[in-house]
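Chains as they are written, first to last, in numbering that gives the first Met the number 0: chain A, 0 to 224; chain B, 0 to 658.
Since the hints were derived computationally from the structure, they do not count as laboratory data. Ideal Cβ placement from N, Cα and C applies to all residues, glycine included. Treat the hints with care, as some may be off.
Take a look, some chain B residues computed to stay more than 12 Å from chain A by CB distance [to be verified]:
1) L11
2) D27
3) G29
4) R151
5) A286
6) K377
7) L512
8) F548
Capping the alpha-carbon separation at 25 Å, the derived lysine to aspartate or glutamate pairs in DMTMM-like fashion look like this [claimed, not checked]:
9) K419/B - E60/A
10) K206/A - E88/B
11) K200/A - D375/B
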Amino acid sequence: MTSAPTHPVDDRDPTPVELANCDEATLLGMLDKMEQRHGFVPREISEEISRLVQLRLERIERIRGKLDSTIRRDVQTHVAHWSNEEGNLIMILHAIQNQHGYVPREVAMELSRELGVPLARIYEVITFYHYFKLQPPAKHNVVVCNGTACYLKGSLELLNELRSRLGISEGQTTADRHIHLDVVRCIGCCGMSPALVVDGKTYGRVKTSEVGGILDSVKKQEAKP
Amino acid sequence: MKTLTKADLESLARQQGEGKEWIRVQLDTGGIAAGAETVFAELSRVRDEMKLALPILRVGSVGYSFADPVVEVKCAGMPRILYGRITPELAGRIVREHVVNKRLLDEYVIATRRRSLKLDGPVTQILVRDTGADLGNKTEFFQFSLLEEIKRRGLTERVQVVRAYDMGVYDEGVAVQLLPSGVTYVNVLAQDVARIVAESVVGGRVLDDLLWKESDRQVRVVLRNCGEIDPDSLDDYLRNAQGYQALKRVLCDEKPGFAIAELKTSGLRGRGGAGFPTWMKWQLTGAQKADQRYVICNGDEGDPGAFMDRSVLESDPHSVLEGMIIAAHAMGCSRGYFYIRAEYPKAVERVERAIAQARAAGLLGDNILGSGFSFDAKIRLGAGAFVCGEETALIASIEGRRGSPSPRPPYPSVRGLWQKPTAINNVETLANVPAIVLRGGAWYAQNGTEKSKGTKVFAVTGKVKNAQLVEVPMGTTLRQIVYDICGGVLDDKDIKAVQTGGPSGGVIPDKHLDTPVSYETLQQLGSIMGSGGMLVMDKNDSMVEVAKFYLRFCVDESCGKCAPCRIGGYQMLQILDRISRGRGSADDITALRRICTAMQKASLCGLGQTAPNPVLSTLRYFEEEYKAFIEGGPSYARKISRAQAGEASKETAKAVATP
Numbered sequence: 000m001t002s003a004p005t006h007p008v009d010d011r012d013p014t015p016v017e018l019a020n021c022d023e024a025t026l027l028g029m030l031d032k033m034e035q036r037h038g039f040v041p042r043e044i045s046e047e048i049s050r051l052v053q054l055r056l057e058r059i060e061r062i063r064g065k066l067d068s069t070i071r072r073d074v075q076t077h078v079a080h081w082s083n084e085e086g087n088l089i090m091i092l093h094a095i096q097n098q099h100g101y102v103p104r105e106v107a108m109e110l111s112r113e114l115g116v117p118l119a120r121i122y123e124v125i126t127f128y129h130y131f132k133l134q135p136p137a138k139h140n141v142v143v144c145n146g147t148a149c150y151l152k153g154s155l156e157l158l159n160e161l162r163s164r165l166g167i168s169e170g171q172t173t174a175d176r177h178i179h180l181d182v183v184r185c186i187g188c189c190g191m192s193p194a195l196v197v198d199g200k201t202y203g204r205v206k207t208s209e210v211g212g213i214l215d216s217v218k219k220q221e222a223k224p
Numbered sequence: 000m001k002t003l004t005k006a007d008l009e010s011l012a013r014q015q016g017e018g019k020e021w022i023r024v025q026l027d028t029g030g031i032a033a034g035a036e037t038v039f040a041e042l043s044r045v046r047d048e049m050k051l052a053l054p055i056l057r058v059g060s061v062g063y064s065f066a067d068p069v070v071e072v073k074c075a076g077m078p079r080i081l082y083g084r085i086t087p088e089l090a091g092r093i094v095r096e097h098v099v100n101k102r103l104l105d106e107y108v109i110a111t112r113r114r115s116l117k118l119d120g121p122v123t124q125i126l127v128r129d130t131g132a133d134l135g136n137k138t139e140f141f142q143f144s145l146l147e148e149i150k151r152r153g154l155t156e157r158v159q160v161v162r163a164y165d166m167g168v169y170d171e172g173v174a175v176q177l178l179p180s181g182v183t184y185v186n187v188l189a190q191d192v193a194r195i196v197a198e199s200v201v202g203g204r205v206l207d208d209l210l211w212k213e214s215d216r217q218v219r220v221v222l223r224n225c226g227e228i229d230p231d232s233l234d235d236y237l238r239n240a241q242g243y244q245a246l247k248r249v250l251c252d253e254k255p256g257f258a259i260a261e262l263k264t265s266g267l268r269g270r271g272g273a274g275f276p277t278w279m280k281w282q283l284t285g286a287q288k289a290d291q292r293y294v295i296c297n298g299d300e301g302d303p304g305a306f307m308d309r310s311v312l313e314s315d316p317h318s319v320l321e322g323m324i325i326a327a328h329a330m331g332c333s334r335g336y337f338y339i340r341a342e343y344p345k346a347v348e349r350v351e352r353a354i355a356q357a358r359a360a361g362l363l364g365d366n367i368l369g370s371g372f373s374f375d376a377k378i379r380l381g382a383g384a385f386v387c388g389e390e391t392a393l394i395a396s397i398e399g400r401r402g403s404p405s406p407r408p409p410y411p412s413v414r415g416l417w418q419k420p421t422a423i424n425n426v427e428t429l430a431n432v433p434a435i436v437l438r439g440g441a442w443y444a445q446n447g448t449e450k451s452k453g454t455k456v457f458a459v460t461g462k463v464k465n466a467q468l469v470e471v472p473m474g475t476t477l478r479q480i481v482y483d484i485c486g487g488v489l490d491d492k493d494i495k496a497v498q499t500g501g502p503s504g505g506v507i508p509d510k511h512l513d514t515p516v517s518y519e520t521l522q523q524l525g526s527i528m529g530s531g532g533m534l535v536m537d538k539n540d541s542m543v544e545v546a547k548f549y550l551r552f553c554v555d556e557s558c559g560k561c562a563p564c565r566i567g568g569y570q571m572l573q574i575l576d577r578i579s580r581g582r583g584s585a586d587d588i589t590a591l592r593r594i595c596t597a598m599q600k601a602s603l604c605g606l607g608q609t610a611p612n613p614v615l616s617t618l619r620y621f622e623e624e625y626k627a628f629i630e631g632g633p634s635y636a637r638k639i640s641r642a643q644a645g646e647a648s649k650e651t652a653k654a655v656a657t658p
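Same shape as in the complex, but just chain A (with noise of 0.2 Å):
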């Protein structure tokens, strides 16, 4: 006799070891399988599904349960700090950005626990401000500097061929989360115009031929682990 096979094959039922090896989309796969078979699932098999998926909800709860507490202990950290100043809610806003790089939902519903004050009112704060971001950001951050110096050396033409590199517009990231374009009002390196920021790194004077490559820079990085 063979040794018994680690994964599952196509004439046959799987056992429960081969159900709890399985991810997501061979289950399904699995599943379509045994309907084409038996017209239904066997209940053994049900049941033993059932327990895998409850004993995985349970492991993510807990997780989550981990992360809020991580969350709590967070924004109590920026609360405290700004406990004895009035109207601190821009300056702990701040601390949460600089820490995640957005405001989490959930750390805002936190916060507005902390505080005390309502969640309607944080967001508005939020919204209001620029600066305050309510997406994760991408992992590299291309920014246009759109003042007037930069306007009038062409930020425009920058922008336009970074839109049709990119193939998305301003405020938009790319669809894998590697690179979000932006444009800001001015970083005040006006003598150096028309400037690029990437990853707080600054180009000046550039020229549209130039973005390919610093695109490509980019690109580099990423290769690099």
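Please arrange chain B on chain A, whose structure you already have, making use of the hints.
Just chain B now, with coordinates in the frame of chain A:
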């Protein structure tokens, strides 16, 4: 650091003076963006490699943005030399050639603006550059002939001839500067070379016919310490910039009310744009009955194209802080806030450090310098809302709310932050204060016009050769600023207009370039002083597009609280968009004017009231451009505007040719 006392400051006032030898690297945001950090690292590395004791210092920016990164070198037996556009490779050469071999680098020297009329001491270096329209063509030839002449007279060992990067003199033919004295000759011709060498280099006499006699138009009050001291060092400020002497004077030596009296004599007006007399603001705030008063420094520099506040905060934070403490003392405030844009991380970092240093030295906190006066300052970050530059909105933002403006009166000086009397001063205003207190209001009032006293910093950018910070006395004309200081328009095109005041300002066409700059004159021309951004536009820039650009900015930044601003701005943008696509109709211009009036009259705050300014001023001076867009579409309009500028330049050329 131990707590400073009055006696410490008095002894510091006597021992002024700086080190004999140093290299300064100008590390502000602009410089760092251009690579000044790597230059700094490379300089230090090469210095260590050569085992030199020369200190390499971090300083703020002197304001020459066009030449970033900028490095200044002073070493024994050599004049102070400013180098522009320095790369790491050049940094190594500076140490090896300039510091060790005492030879200047070719092509990177920025000539000093401290020009002299006398030769004091033998000439050791000659800078040469062709400053005419055909830039740089004759520079090599003149360097060669000067060198030949010097070789002929056997002076090669003593005198070096170097091509300069920038002479500070423009459109004056070939310019030659003799160092170390700073005597500058202009419009030098080939036959003058022998004379310069014979008379000036050998004979030590100044050639009067070639001498450039105009002194520098810039007067540096606000920028006095920028690029001169390390912004991260309280010690440097105390020793080399008369730091906190003005505070000592106000707290310990003079009667209460001294600062306000001096400010009244000085005629200083708010540099944030509106131009309200600073002494009056302080007096009004101080006169209110209240248990608590606040002073706020407005560093929410949101105008695109303006960067003087950032530069001052980054290069000289202690001056602004000292100004704030003096203001607080004059008004009896015990708390102060710096409201700074979060987009200026370097400025935030440096002000934070300045506050911590001042606190450690006892210049902030309880009983400052033993005078019984207590004050503390904190930082609040802006979060990218232009409207927060408006004072009521700024107060709302510090209180942690949305930055929506509220109607005035009551003015903040009556009821401001947390309902207490509050004085809000711009960065530049506060940076002026220590200088005025120390040198007197009358000294400050020497500069400027009758109603606008003193100096003003402008950030000149756009289509200009040397984009830079400029500090000039009020009353200097736009033409002097653009042509004499900044070298004129990029690629020697014709200037079309200068835009001042950012999105709340307007354009000033070339025919008004000879207007002396002051709060009143700019207002008469339909623009405003604003915070001091100055955008130069050449004939290729479409005024309709420029108006649209600024209006879009204001529409994006409108907080939405009042209808005229929210709806009016949007409707105007729609019309402008239509016009710029060539789909406008003849009624559109009338409609634009009507909406403008409505917005000006009915908007709640300064943002809405001034948002129509770019549209109104372009309509006032360039209505034919709007009409060209409506009648013939974009490409026709572009052709027309170029042709007009061409004709104008031909006319001026004719006028010059037939005097």
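So, going through the hints one by one against the coordinates:
Non-interface call for L11/B relative to chain A: holds, since the shortest CB-CB distance, roughly 33 Å, exceeds 12 Å. Not every CB of chain A is more than 12 Å from the CB of D27/B (nearest about 9 Å), against its label as outside the interface. Distance check on G29/B: its Cβ comes as close as 5 Å (rounded) to a Cβ of chain A, failing to clear the 12 Å threshold; non-interface status is violated. At roughly 42 Å from the closest C-beta of chain A, the C-beta of R151/B stays outside 12 Å, upholding its exclusion from the interface.
Chain A leaves A286/B outside its interface by the beta-carbon criterion, the shortest separation being 25 Å against a cut-off of 12 Å. The Cβ of K377/B sits about 8 Å from the closest Cβ of chain A, inside the 12 Å cut-off, so the non-interface label is violated. Look at L512/B: its CB is around 18 Å from the nearest CB on chain A, clear of 12 Å, so calling it non-interface holds up. Not every beta carbon of chain A lies more than 12 Å from that of F548/B, the smallest distance being close to 6 Å; the non-interface claim is violated.
Of the supplied pair hints, the one linking K419/B and E60/A is violated, its CA atoms being roughly 50 Å apart against a limit of 25 Å. Among the hinted pairs, K206/A with E88/B is consistent with the structure: their alpha-carbon atoms are about 23 Å apart, no more than 25 Å. Under the criterion of a C-alpha separation no larger than 25 Å, the hint pairing K200/A with D375/B is inconsistent with the structure, at around 35 Å.
Hint violations for this structure: numbers 2, 3, 6, 8, 9, 11, all remaining hints satisfied.
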